[in-house]
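Visitor: So the chains spell out like this:
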Amino acid sequence: AQSVTQLGSHVSVSEGALVLLRCNYSSSVPPYLFWYVQYPNQGLQLLLKYTTGATLVKGINGFEAEFKKSETSFHLTKPSAHMSDAAEYFCAVMNYGGSQGNLIFGKGTKLSVKP
Amino acid sequence: DSGVTQTPKHLITATGQRVTLRCSPRSGDLSVYWYQQSLDQGLQFLIQYYNGEERAKGNILERFSAQQFPDLHSELNLSSLELGDSALYFCASSGGGGSFYGYTFGSGTRLTVV
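Chains as they are written, first to last, in the working numbering: chain D, 1 to 115; chain C, 1 to 114.
Just so you know, the hints here were simulated from the structure itself, not pulled from any lab data. Idealized CB from N, CA, C, for every residue including glycine. Heads up, some of the hints might be wrong.
To be verified - To list a few chain D residues with every Cβ distance to chain C over 10 angstroms, as calculated:
#1 V13
#2 S27
#3 P30
#4 T55
#5 F63
#6 E64
#7 K68
#8 E71
#9 T77
#10 H82
#11 N102
#12 I104
#13 S112
#14 P115
Unchecked claim - Derived lysine-lysine pairs resembling DSS-like cross-links, with alpha carbons at most 27 angstroms apart:
#15 K68/D x K58/D
#16 K69/D x K49/D
#17 K9/C x K57/C
#18 K110/D x K9/C
#19 K114/D x K69/D
#20 K58/D x K114/D
#21 K110/D x K68/D
#22 K49/D x K57/C
#23 K58/D x K110/D
#24 K107/D x K57/C
#25 K9/C x K107/D
#26 K107/D x K68/D
Unchecked claim - Computed far set for chain C versus chain D, every beta-carbon distance over 12 angstroms:
#27 A14
#28 S27
#29 Q37
#30 N51
#31 E53
#32 R63
#33 S65
#34 D71
#35 H73
#36 E82
#37 L83
#38 G102
Bound conformation, chain C alone (with noise of 0.2 angstroms):
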């Protein structure tokens, strides 16, 4: 068990439909970082949150959002889901401000779009 939990671990939806994906980070750790893992793509930065704000942000489409709460946990929200949406959905913390000492990773959310 790293410390960061992600739920569902998998997810089956249809397309245009909406799911909210959960990350609750390793006790202590301020940054949330959440990733796109494909066969094509591997693994794609979508945003980073810390203490509660976004900090960076990488290649999230439009109906992608996500946000930090002030227990620190966070939710990716992915909407109007498309075929190619279909990836594991990673969510990572970090103590501090930064990656200093590297990442810990949570297992993962598989999603399937149908």
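Next comes chain D alone, as it looks inside the complex (with noise of 0.2 angstroms):
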């Protein structure tokens, strides 16, 4: 079954610095990944995805994540944060079939922004 684990529920950045968000999954076949974005009182917004093919995979807003598989880890970065970044973030693995759903999430990191 596949799962995932978002190290850390809260994360605070200054301005500028750099944003790092983990992401852990869990899969018996190669996993589809994916970045959601939630800013306070609205929807999800896919940030980015990975399929197949370049590891390394580019969202919007500069974000990027890396699929690494000797780490089972796909964790989102950012060079440099922004206060419009302040929002939660959740973690995603396409299950394949089953009672969870098409989608597993992460219970989610909210991230804040420091002036």
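Hey, can you piece these two chains together into the complex? The hints should help.
Guide: Here's what the structure looks like:
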């Protein structure tokens, strides 16, 4: 069965600092992995996805993530945080059927950006 | 605007009541998914429909039911409401039969049970 674990429910960075949000996955098959962002009082928006091919995936708003099979990780990074990046971020893995639905989400990491 | 429309945006109702949440998927998407988001449980998958048929079921209570209509819009019915049902309910849609390209989420319905 597929699952994701997000390390750290809250991360705080200063504006201009590196953003690193951690996600580890478990999958019995080659995974499809996703990062979503949720701004306050809004729905989830797709940031980026990894399916096959290049392991470094670039997304919207300057975010990128690297798929590392040996480490079963898919960490999200951004070189320089902006105040507008403050939001909650969810890592997800595609589940192949079963009762958990097609996407299994982590518990989320809330990112705060200090001026 | 994501293209997935959920109504209403906010709903306040009393315990024991029944409510219906509505979702119109993005144009061309055949799959609709319902999720419940609460502070303690996170994002919980409830149910998926594909082109009118139930495809997958998650932790959906027996008091909850859903359906997808021929025009592909979906409704989530919540009955005998309890305080613990207060949450954000999201609908998402995807093309084809799966989530290969990820979901498109609506902005949610915030349900408050008092």
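Visitor: Holds or violated: is the Cβ of P30/D farther than 10 angstroms from all Cβ atoms of chain C?
Guide: holds (13 angstroms)
Visitor: For a C-alpha distance cap of 27 angstroms, please report whether K107/D and K68/D respect it.
Guide: holds (21 angstroms)
Visitor: Against the 27 angstroms threshold, does the CA-CA distance of K110/D and K9/C hold or violate the hint?
Guide: Satisfied, since the Cα-Cα distance of roughly 23 angstroms is no more than 27 angstroms.
Visitor: Regarding the pair K9/C and K57/C, is the alpha-carbon distance no greater than 27 angstroms?
Guide: Holds, at roughly 24 angstroms.
Visitor: E64/D: least C-beta distance to chain C exceeds 10 angstroms?
Guide: Since the minimum Cβ distance to chain C is about 16 angstroms, E64/D lies beyond 10 angstroms and the statement holds.
Visitor: Does the no-contact call for T77/D survive, Cβ to all of chain C over 10 angstroms?
Guide: Non-interface label stands for T77/D: nearest chain C Cβ at 19 angstroms, farther than 10 angstroms.
Visitor: Beyond 12 angstroms from chain D, beta-carbon-wise, is N51/C?
Guide: holds (15 angstroms)
Visitor: If we take the beta carbon of S27/C, is the closest beta carbon in chain D still more than 12 angstroms away?
Guide: Holds, since 17 angstroms exceeds 12 angstroms.
Visitor: Would you check whether the claim that K68/D is not at the interface survives, using Cβ distances to chain C and the 10 angstroms cut-off?
Guide: holds (20 angstroms)
Visitor: Decide if the proposed pair is consistent with the structure: K114/D and K69/D, CA atoms, cutoff 27 angstroms inclusive.
Guide: With Cα atoms ~33 angstroms apart, K114/D and K69/D exceed 27 angstroms; violated.
Visitor: Would you check the hint for K110/D and K68/D, treating anything up to 27 angstroms between C-alpha atoms as holding?
Guide: holds (23 angstroms)
Visitor: Is the hinted pair K58/D and K114/D satisfied, with a Cα-Cα distance of at most 27 angstroms?
Guide: holds (24 angstroms)
Checked against the numbered hints given earlier, the structure breaks hints 11, 12, 19, 29 and 38 and satisfies all the rest.
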